[in-house]
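Using the hints provided, position chain B relative to the given structure of chain A.
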Amino acid sequence: MKGNVRKSMTWLHTWSSVLVGWLLFAIFFTGTLSFFRTEITYWMQPEQHAAVPSEKALELGLRYLAINAPNASEWQLSLPDARSQTLDLSWRDANVGNERRRGPRVMLNPSTGEEIKVRETAGGNFLYRFHFELYGIDRTVGRWIVGVVSMTMFVAIISGVIMHRKIFADFFMFRPKKKLLSWIDGHAISAVLALPFHIMITFSGLILLGATLLPFNSEERVRNRPQGTEVRQNAQQQNLASPDINALLALPISSMIAHAESTWQVPVESLSISHPGKANAQFTLSGNNRTQLSAGRGGSSALVFNAQGEVINERPASVAANASQATYNYLDMLHQARFADTLTRWLLFFAGILGTIMVGTGSVLWVVKRAKQQLGEFSFELVRGSNIGSIAGLMCATGGYFWVNRLLPADLTSRSLWEIKVFFAIWLVCVVAGFIWRDRKGWVIQLGFATVLFALVPLLDHVTSATGLDFAIANGDSLRVGFDLMCLTLAAVLGYAAYHVKRAKAVKARRVNSTPSPKRKDRVRQDKPQGKNSEALI
Amino acid sequence: MSIVLDVVFAFVLTYLSFLLLSLGNKKHAGITRLTSIPSPLLIIVLHCLAYFLMAISLINCIDVWKTEIGVVVWVGLLQLASVLVSATFTYFPAIYTVLCNYLLLVAFWGPRLREK
Chain A
0 MKGNVRKSMT
10 WLHTWSSVLV
20 GWLLFAIFFT
30 GTLSFFRTEI
40 TYWMQPEQHA
50 AVPSEKALEL
60 GLRYLAINAP
70 NASEWQLSLP
80 DARSQTLDLS
90 WRDANVGNER
100 RRGPRVMLNP
110 STGEEIKVRE
120 TAGGNFLYRF
130 HFELYGIDRT
140 VGRWIVGVVS
150 MTMFVAIISG
160 VIMHRKIFAD
170 FFMFRPKKKL
180 LSWIDGHAIS
190 AVLALPFHIM
200 ITFSGLILLG
210 ATLLPFNSEE
220 RVRNRPQGTE
230 VRQNAQQQNL
240 ASPDINALLA
250 LPISSMIAHA
260 ESTWQVPVES
270 LSISHPGKAN
280 AQFTLSGNNR
290 TQLSAGRGGS
300 SALVFNAQGE
310 VINERPASVA
320 ANASQATYNY
330 LDMLHQARFA
340 DTLTRWLLFF
350 AGILGTIMVG
360 TGSVLWVVKR
370 AKQQLGEFSF
380 ELVRGSNIGS
390 IAGLMCATGG
400 YFWVNRLLPA
410 DLTSRSLWEI
420 KVFFAIWLVC
430 VVAGFIWRDR
440 KGWVIQLGFA
450 TVLFALVPLL
460 DHVTSATGLD
470 FAIANGDSLR
480 VGFDLMCLTL
490 AAVLGYAAYH
500 VKRAKAVKAR
510 RVNSTPSPKR
520 KDRVRQDKPQ
530 GKNSEALI
Chain B
0 MSIVLDVVFA
10 FVLTYLSFLL
20 LSLGNKKHAG
30 ITRLTSIPSP
40 LLIIVLHCLA
50 YFLMAISLIN
60 CIDVWKTEIG
70 VVVWVGLLQL
80 ASVLVSATFT
90 YFPAIYTVLC
100 NYLLLVAFWG
110 PRLREK
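So the protein sequences, as listed, match chains A and B.
Mapped onto numbering that gives the first Met the number 0, the consecutive letters of the first sequence carry residue numbers 0 to 537.
Mapped onto numbering that gives the first Met the number 0, the consecutive letters of the second sequence carry residue numbers 0 to 115.
So here's chain B without its partners, still in its complex pose:
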């Protein structure tokens, strides 16, 4: 059971990290509360947060599967998560918006960044 939780944890982190990365694209950001074109500062913040989550996910995978196999599992999860982020945006934009606005708190800090 613990390995299932580890997999889910690592996958959720990679999924969230790709959500953050996707917000750097104006078409993706456009359907969230980030209605303006993402500024360079915002893109840096998004990328830093995304890489931070990815790093935690990688550490978790290495902890469970050790370095060589852990990296392979992590890359596999990255590929799966990226495809699912793309599919969420394309086919379930409402879910994408909710995830970004509330789970990633874009609704909170998005307008503040936009005002600047």
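Okay, chain A solo, but in the shape it has when bound:
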């Protein structure tokens, strides 16, 4: 590292990125998918696909709870919304203490009231947890590794901004079909245009891992956490008479919901009933009505009604205790998109895709730039082969993960574990294959395989789900149709990439064949790109 500041930053940017690029790509990719982890889990549990939101959902939910949880101290109903097609119920038995945050849970079809038994799946939660604590190693160690990688990413972002000579002049510039220039432009444009997101997501990720990276700072908070063994005050209410279903349905719950929705201008998402069926029953309605991120997870206000349908309390949104708590809350909410409606979630997803492209193109750029000088050297070949396995291989593993979810028997023991095993098995095979075929052939094979996997996902979905895609389209199941469309889009992008790489090979093959009988040494020299043709060696 010598020379002026820009040269030093270039050195720092290059080496800080290349050392962690493969893991960073996996973190960015799985993290971006995690913005839709609920939707991914929904797709991976096809038993849910028969559920269709209905106006009868509330009535059916109340009937179910009155029959199955008559002595509960509290009922919780989560109504179908933009991220869920089902009616989710839970209740808390009166004699259970606070050590359990939630009691029994069931999922109902909101149009029929039938209970839905879903298959065991790792779902979107596996991708979510992988992106910040990896898998198969101690959680703390995994978080440490991700923390170090995040810090390196942060260094790479800052050094990348400093080293970028024409950050404003080339702000919108992308020059396709210009070999090395195209890779540089692709890397720069995906980095610069979404720079606010990249800084936010990296910095907030570090803050969220703060308790692991700075454990001495969180000990007191853990020590003072309530142990929650005391029994709730309303335990005495157990074993009283069962609530009368007709009396329950006669309550003005619909008018409560209408009142809350007109007040907030957003749909009511959940209804909590304490002391159900009793004269002192209270109905707490909540929805995604938050206006502040700094308020944290309790940032939505709620309305509490009595059995007569009168508002007896307006539970305000929580407020951060101080500026540092507010800052933490803000970053936490942003990173995990807990506040996000559909539009904001897609915007964050789009920025995440740009981040994934930035990391991927950066890793490929390292190889393209050095192909001329370092072809055949161990370190170069190591990075070259690893790029294939870590980028295209991860795509294959993710596609295979969705496939195996549908192909494994629904009642298989440890089913979610098998899904994860297959995910890593495919990835491992791709990494090994990447080292064996380190040239364009490796890219074409793996990109082509991933293309096929993702392109056939809608067909797989149609065949293996209890209801076909026609049912989903007819009933406006945007979650399922959206997932399949995204798979098709990804397949198109991967297919284009495979086609592009294959074409580059054809161009090069003509050049090699035009040389008469080259000896092996000469052939290696000819394989080395001549300036502009360096992209043929990604």
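Hints are computed from structural coordinates only; laboratory data are not their basis.
One or more hints might be untrue.
What the hints assert, rightly or not - Pairs of lysine-lysine residues, derived as DSSO-like cross-links and limited to a Cα-Cα distance of at most 27 Å, are as follows: (1) A:K501 to A:K368; (2) A:K368 to B:K26; (3) A:K178 to A:K420; (4) A:K368 to A:K6; (5) B:K25 to A:K178; (6) A:K368 to A:K176; (7) A:K177 to B:K26; (8) A:K176 to B:K26; (9) B:K25 to A:K165; (10) A:K177 to A:K420; (11) A:K420 to A:K6; (12) B:K26 to A:K178; (13) A:K368 to A:K440; (14) A:K177 to A:K165; (15) A:K165 to A:K440; (16) A:K165 to B:K26; (17) A:K6 to A:K177; (18) A:K277 to A:K6; (19) B:K65 to A:K177; (20) A:K116 to A:K420; (21) A:K176 to B:K65; (22) A:K371 to A:K176; (23) A:K440 to A:K501.
Claimed, not checked - Stretch by stretch, here's where chain B covers chain A in the computed footprint (C-beta under 8 Å, at least three residues): (24) 10-18; (25) 30-40; (26) 184-193; (27) 283-294.
Ideal Cβ placement from N, Cα and C applies to all residues, glycine included.
Showing chain B alone in chain A's frame:
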């Protein structure tokens, strides 16, 4: 429906603002009626107009989503718009030219500025 219109309105403003900013680049300006290298005065005018449109877009987002969430949505729209401006210039230069020449009235005031 109103929120959809709000989103479209905010996005169109951010897209137009990035079109204006891109005209400060000589390669971008070169395919419009601004065939000369943009002068410092022209760049100032373009930037002022762009920031004005961005400010309206920001106000609109804050009005709909309140300050904290509105700013997040606005930044997201900025990122999307900037990528689409870049894609329009790269893959659909004819559309880029038409948008700049007629929607942003470059055809009208471009030659006048160029003559100076």
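Quick rundown of the hints versus the structure:
1. A:K501 to A:K368: holds, 20 Å
2. A:K368 to B:K26: With Cα atoms ~25 Å apart, A:K368 and B:K26 stay inside 27 Å; holds.
3. A:K178 to A:K420: Since the Cα atoms of A:K178 and A:K420 sit roughly 38 Å apart, the hinted pair is violated (cutoff 27 Å).
4. A:K368 to A:K6: OK: A:K368 and A:K6 at ~16 Å, within 27 Å.
5. B:K25 to A:K178: Given pair B:K25, A:K178 holds - Cα atoms ~22 Å apart, limit 27 Å.
6. A:K368 to A:K176: OK: A:K368 and A:K176 at ~16 Å, within 27 Å.
7. A:K177 to B:K26: Judged against 27 Å, a Cα distance of about 16 Å means the pair holds.
8. A:K176 to B:K26: Holds, at about 17 Å.
9. B:K25 to A:K165: Cα-Cα ~13 Å, so holds.
10. A:K177 to A:K420: violated, 41 Å
11. A:K420 to A:K6: violated, 44 Å
12. B:K26 to A:K178: The hint holds at about 19 Å.
13. A:K368 to A:K440: holds, 19 Å
14. A:K177 to A:K165: Since the Cα atoms of A:K177 and A:K165 sit roughly 18 Å apart, the hinted pair holds (cutoff 27 Å).
15. A:K165 to A:K440: The given pair, whose Cα atoms are some 35 Å apart, is violated under the 27 Å limit.
16. A:K165 to B:K26: Cα-Cα ~14 Å, so holds.
17. A:K6 to A:K177: holds, 24 Å
18. A:K277 to A:K6: Judged against 27 Å, a Cα distance of about 74 Å means the pair is violated.
19. B:K65 to A:K177: This hinted pair is violated, its Cα atoms lying about 44 Å apart.
20. A:K116 to A:K420: Satisfied, since the Cα-Cα distance of roughly 24 Å is no more than 27 Å.
21. A:K176 to B:K65: Outside the cut-off at roughly 44 Å; violated.
22. A:K371 to A:K176: holds, 19 Å
23. A:K440 to A:K501: holds, 8 Å
24. 10-18: Three-residue rule not met by the segment 10-18 of chain A, so violated; n is 0.
25. 30-40: The restraint on the segment 30-40 of chain A is violated, since only 0 of its residues have a Cβ under 8 Å from chain B and three are required.
26. 184-193: holds (count 3)
27. 283-294: holds (count 5)
Against the hints set out earlier in the document, violations occur for numbers 3, 10, 11, 15, 18, 19, 21, 24 and 25.
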